[in-house]
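Next come the chains, spelled out residue by residue.
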Amino acid sequence: MGKVIATRLARLVATLLAVTFLTFSMTALLPGDPVNAILGVDAVRDPEVVAKIRADLGLDDPFLVRYVNWLGNAATGDLGQSYITDQEVITTISQRLPVTAQLAFMAIIMALILAIPIGVLGAYKQGKWQDSTTSAGVQVALSIPNFIVGIFLIWLFSVRLGWLPASNWNRISSDGLVENLKTAILPASALAMTQMAIFSRLVRSDMIATLQENYILAARSKGLSDRFILLRHALRPSSLSLMTIIGINFGALLGGTVIIETLFAIPGVGFRLINAINQRDIIVIQGITVFIATAYVVINTIVDLLYAVVDPRIRKG
Amino acid sequence: MTHHQYRAQGLAGNERRKLHCSHHRKPDNGGTRVEVWQIKGGVVSSSAASDSHALLSVRDLRTHFDVGGDAVKAVDGVSFDVHEGKALGIVGESGCGKTVLSRSIMGITTASNASTSGSVKYSGTELVGKGKRELRKFWGEEMAMVFQDPMTSLNPVVRIGRQLTEHLRAHKDLSKSEANDLAVQLLTWVRIPEPKERLSNFPHQMSGGMRQRVCIAIALACSPNLLFADEPTTALDVTVQHQILNLLAQQQQERQMGMVLVTHDLGVVATRTDDIAVMYAGKIVEKASTSALFSGMRHPYTQSLFWSIPKTSEPKHTRLSAIVGRPPNLAALPSGCSFADRCPYVQPICREVEPQLQTIDSHSFACHLPVGSSDAEAALSANISAGLPQSEGAATRREAHQGTFT
Ligand SMILES: Nc1ncnc2c1ncn2[C@@H]1O[C@H](COP(=O)(O)OP(=O)(O)OP(=O)(O)O)[C@@H](O)[C@H]1O
Ligand code: SF4
Ligand SMILES: [Mg+2]
Numbered sequence: 001m002g003k004v005i006a007t008r009l010a011r012l013v014a015t016l017l018a019v020t021f022l023t024f025s026m027t028a029l030l031p032g033d034p035v036n037a038i039l040g041v042d043a044v045r046d047p048e049v050v051a052k053i054r055a056d057l058g059l060d061d062p063f064l065v066r067y068v069n070w071l072g073n074a075a076t077g078d079l080g081q082s083y084i085t086d087q088e089v090i091t092t093i094s095q096r097l098p099v100t101a102q103l104a105f106m107a108i109i110m111a112l113i114l115a116i117p118i119g120v121l122g123a124y125k126q127g128k129w130q131d132s133t134t135s136a137g138v139q140v141a142l143s144i145p146n147f148i149v150g151i152f153l154i155w156l157f158s159v160r161l162g163w164l165p166a167s168n169w170n171r172i173s174s175d176g177l178v179e180n181l182k183t184a185i186l187p188a189s190a191l192a193m194t195q196m197a198i199f200s201r202l203v204r205s206d207m208i209a210t211l212q213e214n215y216i217l218a219a220r221s222k223g224l225s226d227r228f229i230l231l232r233h234a235l236r237p238s239s240l241s242l243m244t245i246i247g248i249n250f251g252a253l254l255g256g257t258v259i260i261e262t263l264f265a266i267p268g269v270g271f272r273l274i275n276a277i278n279q280r281d282i283i284v285i286q287g288i289t290v291f292i293a294t295a296y297v298v299i300n301t302i303v304d305l306l307y308a309v310v311d312p313r314i315r316k317g
Numbered sequence: 001m002t003h004h005q006y007r008a009q010g011l012a013g014n015e016r017r018k019l020h021c022s023h024h025r026k027p028d029n030g031g032t033r034v035e036v037w038q039i040k041g042g043v044v045s046s047s048a049a050s051d052s053h054a055l056l057s058v059r060d061l062r063t064h065f066d067v068g069g070d071a072v073k074a075v076d077g078v079s080f081d082v083h084e085g086k087a088l089g090i091v092g093e094s095g096c097g098k099t100v101l102s103r104s105i106m107g108i109t110t111a112s113n114a115s116t117s118g119s120v121k122y123s124g125t126e127l128v129g130k131g132k133r134e135l136r137k138f139w140g141e142e143m144a145m146v147f148q149d150p151m152t153s154l155n156p157v158v159r160i161g162r163q164l165t166e167h168l169r170a171h172k173d174l175s176k177s178e179a180n181d182l183a184v185q186l187l188t189w190v191r192i193p194e195p196k197e198r199l200s201n202f203p204h205q206m207s208g209g210m211r212q213r214v215c216i217a218i219a220l221a222c223s224p225n226l227l228f229a230d231e232p233t234t235a236l237d238v239t240v241q242h243q244i245l246n247l248l249a250q251q252q253q254e255r256q257m258g259m260v261l262v263t264h265d266l267g268v269v270a271t272r273t274d275d276i277a278v279m280y281a282g283k284i285v286e287k288a289s290t291s292a293l294f295s296g297m298r299h300p301y302t303q304s305l306f307w308s309i310p311k312t313s314e315p316k317h318t319r320l321s322a323i324v325g326r327p328p329n330l331a332a333l334p335s336g337c338s339f340a341d342r343c344p345y346v347q348p349i350c351r352e353v354e355p356q357l358q359t360i361d362s363h364s365f366a367c368h369l370p371v372g373s374s375d376a377e378a379a380l381s382a383n384i385s386a387g388l389p390q391s392e393g394a395a396t397r398r399e400a401h402q403g404t405f406t
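Line by line, the protein sequences give chains L and A.
So the first sequence is numbered by our numbering: it starts at 1 and just counts up by one.
So the second sequence is numbered by our numbering: it starts at 1 and just counts up by one.
The following block holds chain L by itself, in its conformation from the complex (with noise of 0.2 Å):
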């Protein structure tokens, strides 16, 4: 176990490597300059003190000199402050970061349990009606993007029933869970349906597959009830790349729902990356990247984990 750990933590900072050095150059590649933002684009521009703030900032530093530099602190905790609003990356964070996890973890959750018993239905009623009805709307939910979905939801339960705000975010500290719930489940449900549809899809072929496999059948001649075997001799095996694929889009919706938190208003970090962007602004594009690498490797991890917890046969190895 310790072992697996320590090859899982090399793991990790080798890619925390990668990605930090490949954002930092990518960013470094983009037209565009922070200064602009800082000095707002109408300001006048004295030579003097745009050299003076490029030294202050270090960007007149080799590109190389930038990344070590930067490397060197976040090596010791210190993700440095943006370069425009001065704040420290560390606390942007870790102010928008929950946000986002919360409404990619509430996603996820409501996909799933959709997702399973559709799943399940179309592949144990394969090629009958109840397959086909749920695979046309799973079709269309698969289709229709995010942001429409998000309107949708608004125009129902904002605009004609009045029962949620169409937009904001109340945080769980200040304002309670069912405060938070009424701002997080409007866009939470518009990112699950995509995820949802996906979902389905492969609950549905995975188990159409286990279902041919032999010990389905000696399930069945030892005279168990559909239901019984579905759940709890076919479902199991059948979820390997539900896990896979749960793993990998938990973490692409760590950086991905920035049209839904644009939709909503919401302060996640998709908003603030898409800013951080737009203003060049390198140092909180860094820190919010290495959180993010952070959770997707953290996340494929435990998947890898329950992978084993799933299939027994996978302990050994």
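A few of these clues could be false.
What the hints assert, rightly or not - Quick list of in silico lysine-lysine cross-link-like pairs, DSSO-like style, CA-CA up to 30 Å:
hint: 1; chain 1: A; residue 1: LYS196; chain 2: L; residue 2: LYS125
hint: 2; chain 1: L; residue 1: LYS125; chain 2: A; residue 2: LYS86
hint: 3; chain 1: L; residue 1: LYS128; chain 2: A; residue 2: LYS137
hint: 4; chain 1: A; residue 1: LYS132; chain 2: L; residue 2: LYS128
hint: 5; chain 1: L; residue 1: LYS125; chain 2: A; residue 2: LYS172
hint: 6; chain 1: A; residue 1: LYS172; chain 2: A; residue 2: LYS130
hint: 7; chain 1: A; residue 1: LYS137; chain 2: L; residue 2: LYS125
hint: 8; chain 1: A; residue 1: LYS130; chain 2: L; residue 2: LYS128
As the list claims (entries may be wrong) - Estimated spans, in silico, between C-beta atoms of each pair:
hint: 9; chain 1: A; residue 1: GLU352; chain 2: L; residue 2: PRO117; range: 31 to 39 Å
hint: 10; chain 1: A; residue 1: ALA332; chain 2: L; residue 2: ILE113; range: 29 to 37 Å
hint: 11; chain 1: L; residue 1: ARG313; chain 2: A; residue 2: SER291; range: 41 to 49 Å
Worth flagging that the hints you see were computed from the coordinates, not collected in a lab.
Ideal placement from N, C-alpha and C gives every residue a C-beta, glycine not left out.
With the hints as your guide, set chain A with the ligands onto chain L.
Relative to chain L, chain A with the ligands alone:
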């Protein structure tokens, strides 16, 4: 008293079995009889009313698969009986329909392109045409199956202990500890060492032979009256094969179960079953008591199978080398006898007229020139001198096998 209460009271399986069977055997011993019928969920009760006393009575069973408009006649008009406490061996080459037959009888075929007709009576109750819901009452409790490949017939992600008793627990409210005790008992019956420790194992932690023992234990768990064993040892090491077969035969004897033992090795059933049915291309071509069959087999196919029984001195893969050619395509069976292309005795009439099953002294066979008849002798000599490949060497093989079987 319910089924599982017998177990809970700690009655060993054999005692309980005997008790159980004695009621079956002597149905007129008064009050206890009713009790036994109740134990078995009332399903057996119609056996007295039925004119057939067979535990299992299969009549003209057909299972055809629709493959692109063609009918693959995997089972094509099969009839036989299995009596209580008796074992029937079904023997035939790979692909002749043995698996489809046993699954069709139980009604567990899942293929959507399959259609089954004919009659399967279990203790007088017709099973063909019954829905899944009704058939499920028979599965596990009345009839159980041991599958061909123990490597794939146990769920890899479910612990042995649960797989052993989940079907019992599904039907009866068995507490966890009762179920555990029973699981240990079951593993002991199939002679698995350290049964308690095994309960928490997953299938991949056991050898093939051990897994098949577990499968047998699972099949025995509900004390079925009828056990199907579909080539239970084909996937196993030669050394383990005998142990498993003997275990099956012994359990069948002790529990006085009906058993259908499917195999492609005539040698396997020779000492372990009461009757033998030989299957070829979806049909039964010869059927007799084991002793009658071995004292005088009438069908050339049976004889060829007999010649191909692996001798212990020969390596395993030489089996079936004695039969020339391959079984026919079940979607396009030739007219006449389907064995004609491979039969050492074949004559023109064989390709024109399909031989019907005829019964002489309860020995049935479907052949125009049954082995042992003077017609057959003449046909064989004629074929040998005509240089028919499948006939060549037939005489010497027969010489070689004369009296070799014990
Ligand atoms: N779903 C299906 N569709 C079409 N053909 C099928 C189907 N299932 C089985 N068959 C065919 O039925 C025939 C009999 O198969 P079966 O498995 O019963 O043979 P078997 O005697 O058990 O052979 P083995 O010794 O190899 O197990 C085979 O030719 C097989 O291809
Ligand atoms: S009927 Fe003819 S071909 Fe068929 S088994 Fe008998 S002798 Fe051979
Ligand atoms: Mg088979």
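Checklist entry - For which of the previously enumerated hints does the structure constitute a violation, in increasing order of number? => result Checked against the structure, the hints that fail are numbers 1, 2, 9 and 10, while the rest are satisfied.
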